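Using the sequences and the accompanying hints, generate a full structural model.
The listed protein sequences derive, respectively, from chains A and B. Under my numbering, the first residue of the first sequence is numbered 1, with each subsequent residue one higher. Under my numbering, the first residue of the second sequence is numbered 1001, with each subsequent residue one higher.
Derived from the structure by calculation, the hints contain no laboratory data. Given the structure is predicted, the values throughout are model-derived calculations rather than measurements. All C-beta atoms in this analysis are idealised placements derived from N, C-alpha and C, irrespective of residue type, glycine included. Don't take each hint at face value.
[Said to hold, decoys possible] Here chain A is said to cover these stretches of chain B; the calculated rule only asks that three of the stretch's residues, wherever they fall, bring their Cβ under 8 Å from a Cβ of chain A:
1. 1076-1083
2. 1131-1139
3. 1160-1173
[Claimed, not checked] Covered stretches of chain A, as calculated for chain B (at least 3 residues, CB under 8 Å):
4. 41-53
5. 112-121
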Amino acid sequence: MEHEETYLLMMDALDGELAEAQHSELEAHLRACPSCLQEWQALLAVHTLLQQTPALSPAVDFAQRTLARLPNRRVRIWTLTAIYALLLLGGILPLALAVWLVFILRPVLSEPTILSSISQSIGQALQVMGTIVWALLAGLGEMVVQQPAIVGWLLVLLGIISIWGGVSRQLIFQTSPRQTS
Amino acid sequence: MNEEQVWLEQARQGDKAAFGKLIEAYQTPVYNLAYRMLNNAGEAEEAAQEAFIRAYTRLDSYNPEHKFSTWMLSITSNYCIDLIRKRRALLLSIDEPLPPHPALMSDNSKGPEAQVVMNEQQAMVQTLLQELPEDYRQTVVLRYWYDLSYDEIADMMDTTVSAIKSRLFRARRLLAEVGQEAGLDPVRDSAALTAVS
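Structure, rendered in structure tokens:
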């Protein structure tokens, strides 16, 4: 039997899933192969240690202190419901208003001159937005090309702020009084 | 509907006292998992509290078809993995001596000799576990302290059963190797052979 095959049998044996016929197969190999026996002895030692080590409990007042930290679920449920309702109304109301206006102004809006002027206005608005976005991107590109040092320093600064933010949070976390009694 | 399901339903309605019953029932497995993963009593308690708070705020997403204990352990182990990764990202030393677990220091129910042996055993376990990568450690802890099946562990860790088997296989061999280096006595020949059958 190959060593790797033996290792798999050892794992099954540790999990208590070794088939009856494989017991004697593994035992025979272990009797004949000192290196596999040594591996099995070490595995068994760790397995026994882990199995015999009891779970650790928290401090006695852990449950009370955790309970005191729980947020108010009822308030949270009501707040979320109110936010969803407002968002829903915020979307539905303008839509309903627009539909109502279109319905009322239907005779006026259906005139060809009004329709063409509306489409023109929409086209112009899109053009203006495109120009603004393009100018912003071009400006950013110019800055990267012409002032790479400034951009580099800004990135370094952001990195430093981010690292120190993390470090200070960790320091505060570590130095806060332990709640275990 | 059993007692636990009643508490869960009441907690869903915002009853903190009902959730308190669940905390009392699961505080040891949750804390133990956090301690085995983080190897620091203060951080473990903070992580265990955070896991309960997360569970409470996300009760609506809990699927009652699964065991509550498995869901709780899943939240805890994922939170601990996040903490370990953040800790590594901060490049802070984790090799500084850590305080022993308070329960071990204050447990007077055993005699002093038994207490010393237990402390050494717990210290050895923590030494060995810290040698494992976090996903191996997570698998070992879930398998040994919670007796979860490969299916349950794979489900919790969002991976396949074969991946879990492979992790446990490698983790056990690594632990055996480190155990020998750390002075863990191997099982004697006769006892080792008896253990096979």
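These are the hints, each one checked on the structure:
1. 1076-1083: It is violated: at least three residues are needed, and the segment 1076-1083 of chain B offers just 0 whose Cβ sits closer than 8 Å to chain A.
2. 1131-1139: violated (count 0)
3. 1160-1173: holds (count 5)
4. 41-53: holds (count 13)
5. 112-121: Coverage by chain B is violated for the segment 112-121 of chain A (0 residues, Cβ < 8 Å).
Figure legend: structure checked against the earlier numbered hints; hints not met, in rising order: 1, 2, 5.
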